[in-house]
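Chain order of the listed sequences is Y and H.
Under the working numbering, the residue at position 8 of the first sequence is numbered 8, and the numbers go up by one with no gaps.
Under the working numbering, the residue at position 54 of the second sequence is numbered 54, and the numbers go up by one with no gaps.
These aren't lab readings, by the way, just hints derived from the structure by calculation.
Hints are not guaranteed to be accurate.
As the list claims (entries may be wrong) - Below, in silico cross-link-like pairs of lysine-lysine (DSBU-like), each with a Cα-Cα straight-line distance of 30 angstroms or less:
| no. | chain 1 | residue 1 | chain 2 | residue 2 |
| --- | --- | --- | --- | --- |
| 1 | H | LYS76 | H | LYS66 |
| 2 | Y | LYS128 | Y | LYS90 |
| 3 | H | LYS36 | H | LYS76 |
| 4 | Y | LYS129 | Y | LYS115 |
| 5 | H | LYS66 | H | LYS36 |
| 6 | Y | LYS115 | Y | LYS90 |
| 7 | Y | LYS90 | H | LYS76 |
| 8 | Y | LYS90 | Y | LYS129 |
| 9 | H | LYS76 | Y | LYS129 |
| 10 | Y | LYS90 | H | LYS17 |
| 11 | H | LYS64 | Y | LYS90 |
Chain by chain, the residues:
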Amino acid sequence: MSEFSPRIVGFLCNWCSYAGADLAGLSRLEYPTNIRIIRVMCSGRVDPAFIMEAFREGADGVLVAGCHMPSDCHYMTGNFKANRRVALLKRVLEQFGVEPERLRIEWVSASEGQKFAMVVTKMVDDLKKLGPSPLRGGGGNGV
Amino acid sequence: MSEALRRKLDAATGAFKDERLRWLVGRSEEMVLSGKMSREEFEDRVNGILQTEIERWLILNELKSKGPQTIEALSKTLGLTHRRILEHMIAMRWLGRVSVVEEEGDWYLYAATGAPEASPEKETER
Numbered sequence: 001m002s003e004f005s006p007r008i009v010g011f012l013c014n015w016c017s018y019a020g021a022d023l024a025g026l027s028r029l030e031y032p033t034n035i036r037i038i039r040v041m042c043s044g045r046v047d048p049a050f051i052m053e054a055f056r057e058g059a060d061g062v063l064v065a066g067c068h069m070p071s072d073c074h075y076m077t078g079n080f081k082a083n084r085r086v087a088l089l090k091r092v093l094e095q096f097g098v099e100p101e102r103l104r105i106e107w108v109s110a111s112e113g114q115k116f117a118m119v120v121t122k123m124v125d126d127l128k129k130l131g132p133s134p135l136r137g138g139g140g141n142g143v
Numbered sequence: 001m002s003e004a005l006r007r008k009l010d011a012a013t014g015a016f017k018d019e020r021l022r023w024l025v026g027r028s029e030e031m032v033l034s035g036k037m038s039r040e041e042f043e044d045r046v047n048g049i050l051q052t053e054i055e056r057w058l059i060l061n062e063l064k065s066k067g068p069q070t071i072e073a074l075s076k077t078l079g080l081t082h083r084r085i086l087e088h089m090i091a092m093r094w095l096g097r098v099s100v101v102e103e104e105g106d107w108y109l110y111a112a113t114g115a116p117e118a119s120p121e122k123e124t125e126r
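Bound-form chain Y, shown alone (with noise of 0.2 angstroms):
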């Protein structure tokens, strides 16, 4: 049988992750090809229904990313708003039987390719572990 793969889906900001992800691109950094990035314009823009319709679909994990906390956001609040919706989030998917560490939020500079790529990397070994979805067949945490 092969080896599990999990399907990440990465909402990432345009002014800070998603050029970080670019120059780990350009960097040739190696990281896993699990994640499917959508860029947005700020991390605050990530709706929760975004998040849940992800996991609907299938998702084994999402990945939210954008500017650094407390100033880096280039809407001033954004990163914010997206902090405390993810950490609401990673409640209600615990209160489903989903583990929440599938709902990941992290900071990453456009400076950071070498961060983004740790991040990625991480996140497929934890994935990894944990296995696949609920949703397809994983066990998830049976609640």
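Dock chain H against the given chain Y, drawing on the hints supplied.
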């Protein structure tokens, strides 16, 4: 498990559309920093509202997908108590989200109306 989880995720998606919840989450830091409520109290309130909204959306989605149902049938499908569903029905009838369409024995048959929810201004007028 996956069908039940999919139902819950749909309900949560609906719940996050709730303006009150969005406003509360958006203002959380200001409210805590202003000393109007403690972080714990704030989180309790958000959790309470979220739980309520998720349950209501579970009921609404069930009524929309399977047509009119009794509280008894909804209770069996959703695993919520009769009392809890009745509380939601009373609130949702008042908000115009569900209506009683007919009686089935001792039970009322409820249907989702699909009507827009009353705005807060309209609510205070009633």
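Of the hints given before, which are not true for this structure?
Those not satisfied are hints 3, 5 and 9.
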